[in-house]
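Residue numbers (the working numbering), protein chains in the order written: chain R, 1 to 116; chain U, 117 to 230.
Just so you know, the hints here were simulated from the structure itself, not pulled from any lab data.
Don't take each hint at face value.
[What the hints assert, rightly or not] Short, incomplete list of chain R residues facing chain U, as computed with Cβ under 10 Å:
hint, residue
1, 50
2, 93
3, 108
[Unchecked claim] Covered stretches of chain U, as calculated for chain R (at least 3 residues, CB under 8 Å):
hint, segment
4, 146-158
5, 220-227
Keep in mind it's a predicted model, so treat the numbers as computed, not measured.
All C-beta atoms in this analysis are idealised placements derived from N, C-alpha and C, irrespective of residue type, glycine included.
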Amino acid sequence: AQTVTQSQPEMSVQEAETVTLSCTYDTSESNYYLFWYKQPPSRQMILVIRQEAYKQQNATENRFSVNFQKAAKSFSLKISDSQLGDTAMYFCAFMTPVYNTDKLIFGTGTRLQVFP
Amino acid sequence: EAGVTQSPTHLIKTRGQQATLRCSPISGHTSVYWYQQALGLGLQFLLWYDEGEERNRGNFPPRFSGRQFPNYSSELNVNALELEDSALYLCASRLAGARGETQYFGPGTRLLVL
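Start from the sequences, fold in the hints, and give me the full structure.
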């Protein structure tokens, strides 16, 4: 069974600083996708970044980048130049189309607080 | 382009009643997913609908059911409500036939069972 682990329940960072959120996953599949979603206090879940497992290159989206280590099954999110609006719950998620479920498997989340 | 919409925003029911939650996907998206976000249990997959058919369901009892309409909107029904059904129910949609594509989420319906 696939599992996703986020070992940091809470983190804090000062505005303009860099923070890294950790995520590890477990799967025996080679075809899968990884996601980071952000859920601000207003609760709408927003995609931050997406990574395809077959791609070696780490995905980046503006201030957000990932460190995808396939052999180690690690998928950490780096937020550079943190902003107050980055305050949110961050969920790491895994999906494989192999079993015809297409469901997202989520980690338990990391609550990030950005301080001025 | 409008995002995924859900209604109602909040729903208060008592034990034993039925709840109906609604979701409209992004235009062009034919797959709709339902997730439950309960305190202490995290986000769990409930149901997946595609092209009007139920494609997969998570580990939830049969009193959780739903359907997808010809316009791809979806309804989640929860019968015989129990206190532990209190949760945020999130709907997500994705592009037709695009396995592995991003699921886009709606704002959720907060269900409270008293």
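Results for each hint:
1. 50: Check passed: Cβ of residue 50 (chain R) comes within 6 Å of chain U, closer than 10 Å.
2. 93: 8 Å, holds
3. 108: 5 Å, holds
4. 146-158: It holds: at least three residues are needed, and the segment 146-158 of chain U offers 4 whose Cβ sits within less than 8 Å of chain R.
5. 220-227: holds (count 5)
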